[in-house]
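Make the full structure from the sequences, and use the hints.
For the protein sequence lines, the chains are G and F, in the order given.
Take the first sequence: its letters are residues 1 to 107, numbered as in the working numbering.
Take the second sequence: its letters are residues 1001 to 1410, numbered as in the working numbering.
Worth flagging that the hints you see were computed from the coordinates, not collected in a lab.
None of these values were measured; they are calculated from a predicted model.
Do not rely on the hints blindly, as some may be mistaken.
Simulated crosslink set (EDC-like; lysine to aspartate or glutamate; CA at most 20 Å straight-line) [claimed, not checked]: (1) 1158(F) to 79(G); (2) 1160(F) to 82(G); (3) 1160(F) to 102(G); (4) 1158(F) to 1031(F); (5) 11(G) to 46(G); (6) 88(G) to 102(G); (7) 95(G) to 10(G); (8) 1160(F) to 79(G); (9) 69(G) to 98(G); (10) 1158(F) to 1035(F); (11) 1160(F) to 1103(F); (12) 1158(F) to 102(G); (13) 1160(F) to 1031(F); (14) 11(G) to 98(G); (15) 1160(F) to 1076(F); (16) 100(G) to 9(G); (17) 100(G) to 70(G); (18) 95(G) to 70(G); (19) 1158(F) to 82(G); (20) 1078(F) to 1031(F); (21) 11(G) to 102(G); (22) 88(G) to 1173(F); (23) 95(G) to 1173(F); (24) 1078(F) to 1035(F).
Simulated restraints on C-beta separations [as the list claims (entries may be wrong)]: (25) 62(G) to 1153(F): 34 to 42 Å; (26) 1327(F) to 32(G): 36 to 44 Å; (27) 2(G) to 1117(F): 22 to 30 Å; (28) 1279(F) to 20(G): 52 to 60 Å; (29) 75(G) to 1269(F): 57 to 65 Å; (30) 1314(F) to 17(G): 50 to 58 Å; (31) 38(G) to 1142(F): 43 to 51 Å; (32) 2(G) to 1224(F): 34 to 42 Å; (33) 15(G) to 1133(F): 40 to 48 Å.
Ideal Cβ positions, reconstructed from N, Cα and C, are used throughout, including at glycine.
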Amino acid sequence: MQYLVSVIDDKSNPGSTDRRPAISAFNERLIAEGYWVFAGGLADTDTATVIDNRGEQAVFTDGPFVESKEYLAGIWVWEAPDLDVALKLAAEASKVCDRKIEVRPFL
Amino acid sequence: MSDVEEAITRAHRGEWARVVAALTRRFGDLDIAEEAAAEAFAIAVERWPADGVPPNPGAWLTTTANRKAIDRIRRESKRDAKHREAQMSYDDPPEPVGAIDDDRLRLIFTCCHPALAMEARVALTLRMVGGLTVPEIARAFLVQGTTMERRITRAKAKIKAARIPYRMPSVGDLPARVSGVLAVLFLVFNEGYLASGPGTDPVRHDLTTEAIRLTRLIRALLPQDGEVAGLLALMLLIEARRPARVSAGGELVPLAEQDRGAWDAELIAEGHRLVRERLAAAAAGVAPGRYQILAAINAVHTSARDIRDTDWSQVLALYDQLVRLDPSPIIALNRAIAVAELDGPEVALAIVDRLAETLAGYHAYHATRADLLRRLGRSQQSRAAYDRAIELAGNTGETAYLTRRRDQLQ
Chain G
1 MQYLVSVIDD KSNPGSTDRR PAISAFNERL IAEGYWVFAG GLADTDTATV IDNRGEQAVF
61 TDGPFVESKE YLAGIWVWEA PDLDVALKLA AEASKVCDRK IEVRPFL
Chain F
1001 MSDVEEAITR AHRGEWARVV AALTRRFGDL DIAEEAAAEA FAIAVERWPA DGVPPNPGAW
1061 LTTTANRKAI DRIRRESKRD AKHREAQMSY DDPPEPVGAI DDDRLRLIFT CCHPALAMEA
1121 RVALTLRMVG GLTVPEIARA FLVQGTTMER RITRAKAKIK AARIPYRMPS VGDLPARVSG
1181 VLAVLFLVFN EGYLASGPGT DPVRHDLTTE AIRLTRLIRA LLPQDGEVAG LLALMLLIEA
1241 RRPARVSAGG ELVPLAEQDR GAWDAELIAE GHRLVRERLA AAAAGVAPGR YQILAAINAV
1301 HTSARDIRDT DWSQVLALYD QLVRLDPSPI IALNRAIAVA ELDGPEVALA IVDRLAETLA
1361 GYHAYHATRA DLLRRLGRSQ QSRAAYDRAI ELAGNTGETA YLTRRRDQLQ
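Structure representation (structure tokens):
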């Protein structure tokens, strides 16, 4: 079972910026224990571009599709046998990243 | 009720959770288990009056439900071969059977999973473990049947899609998970005990009874857990006072004015036995949790012949112990009531007034203040506090009582 694990940051109350070494160590453990599928941090939401090509021609819009105080700062994809395992890892991830974490199953 | 009807009711009470739990284990799907169990009971209602009650009703129901579940899976697998594959891959190999490995416990832990919203846990537990129908649960919580149906459907869908596991929590997680289950059961009990909403009975017996029944089940499955024993004792000692708690006119009767002869002696004896069991454990060095302490407080009250006979210093000592465990303002408020009996209403009022900020929206805060102010002869302030309490109280019996007390003020 695969889970999308989103790291949520808050513009008005951002998490600390010194988490990189701890996250690297956590990633190594995820790989060693067989949970790691993919991981990546994301650039600022200001750098996003939204494309809508449902009409006559593609329309490009600068910025994220939704402006909000809370935003997606990075993601993981984990392979875990069930939600309890994913939630346990997510609890650790939240400490490691100093940010909120959302766990959502893939279909 | 005829013998057969009685047998069906008994089987429903005793076997529903077992049937749903066994089928969930076998088919890895709550939906299939629930539907098949409901079908099996419907068939029993149809057949047993004519064919007679089978010698082992539980086995008959499980077999019948199993057959119905397989029928459904066959039907669906014709439509969707992949679906069937998904059902089967979820089927864990059998694990060793012991008291703690009961399928019903797995079912309870799944229904009370912390990833589900509290109201979903309550609804799912009453449906899957308690066997209440969706309309019954909807009525109990004063929501539309369709709303309750959606709530349960959504919870089942999440369990399946997010793969909330059907198994015992690990030893390390067990205390936290058990406490989550007890919170669900206590919420059901309290909703029955202090029913909210205009036009509802002050006490909804069906919910308190169901909460006690389910807590008894957990007690049978986890006999070593002190907090399970504590919660059961607490519920029994509160339930025992039910016959004296509401007057003929539908008004709530406070502890001090209750006819103690009307209390249920059998429930009190059972509650006291459990409290004694936990006191022995505490004496042996096992620190009691909050339900055990609350049960002990209720044991002190139910041991007194009348309100003057109450051992208030014992009550206060227990509240002091509880405050160390749970420094919530509501506990502090209840502690102040014991302080009033020992040190007088003035000392208690000073404690209560310090809680103003956090409890300003809580009816019991204003009701307690109103009573203390009344005892101090400060009628005008007391009246204002009663007014606020009446405004905030959701329980019809409580509103009636508070109104009478207010109108008695000079």
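Verification of the supplied hints:
no.: 1; hint: 1158(F) to 79(G); result: holds, 18 Å
no.: 2; hint: 1160(F) to 82(G); result: holds, 10 Å
no.: 3; hint: 1160(F) to 102(G); result: holds, 18 Å
no.: 4; hint: 1158(F) to 1031(F); result: holds, 12 Å
no.: 5; hint: 11(G) to 46(G); result: holds, 12 Å
no.: 6; hint: 88(G) to 102(G); result: holds, 12 Å
no.: 7; hint: 95(G) to 10(G); result: holds, 15 Å
no.: 8; hint: 1160(F) to 79(G); result: holds, 16 Å
no.: 9; hint: 69(G) to 98(G); result: holds, 17 Å
no.: 10; hint: 1158(F) to 1035(F); result: holds, 18 Å
no.: 11; hint: 1160(F) to 1103(F); result: holds, 18 Å
no.: 12; hint: 1158(F) to 102(G); result: holds, 14 Å
no.: 13; hint: 1160(F) to 1031(F); result: holds, 9 Å
no.: 14; hint: 11(G) to 98(G); result: holds, 14 Å
no.: 15; hint: 1160(F) to 1076(F); result: holds, 17 Å
no.: 16; hint: 100(G) to 9(G); result: holds, 7 Å
no.: 17; hint: 100(G) to 70(G); result: holds, 10 Å
no.: 18; hint: 95(G) to 70(G); result: holds, 18 Å
no.: 19; hint: 1158(F) to 82(G); result: holds, 12 Å
no.: 20; hint: 1078(F) to 1031(F); result: holds, 18 Å
no.: 21; hint: 11(G) to 102(G); result: holds, 17 Å
no.: 22; hint: 88(G) to 1173(F); result: holds, 10 Å
no.: 23; hint: 95(G) to 1173(F); result: holds, 18 Å
no.: 24; hint: 1078(F) to 1035(F); result: holds, 19 Å
no.: 25; hint: 62(G) to 1153(F): 34 to 42 Å; result: holds, 41 Å
no.: 26; hint: 1327(F) to 32(G): 36 to 44 Å; result: holds, 42 Å
no.: 27; hint: 2(G) to 1117(F): 22 to 30 Å; result: holds, 24 Å
no.: 28; hint: 1279(F) to 20(G): 52 to 60 Å; result: holds, 53 Å
no.: 29; hint: 75(G) to 1269(F): 57 to 65 Å; result: holds, 59 Å
no.: 30; hint: 1314(F) to 17(G): 50 to 58 Å; result: holds, 55 Å
no.: 31; hint: 38(G) to 1142(F): 43 to 51 Å; result: holds, 46 Å
no.: 32; hint: 2(G) to 1224(F): 34 to 42 Å; result: holds, 38 Å
no.: 33; hint: 15(G) to 1133(F): 40 to 48 Å; result: holds, 47 Å
The structure is consistent with each of the numbered hints, conforming to all of them.
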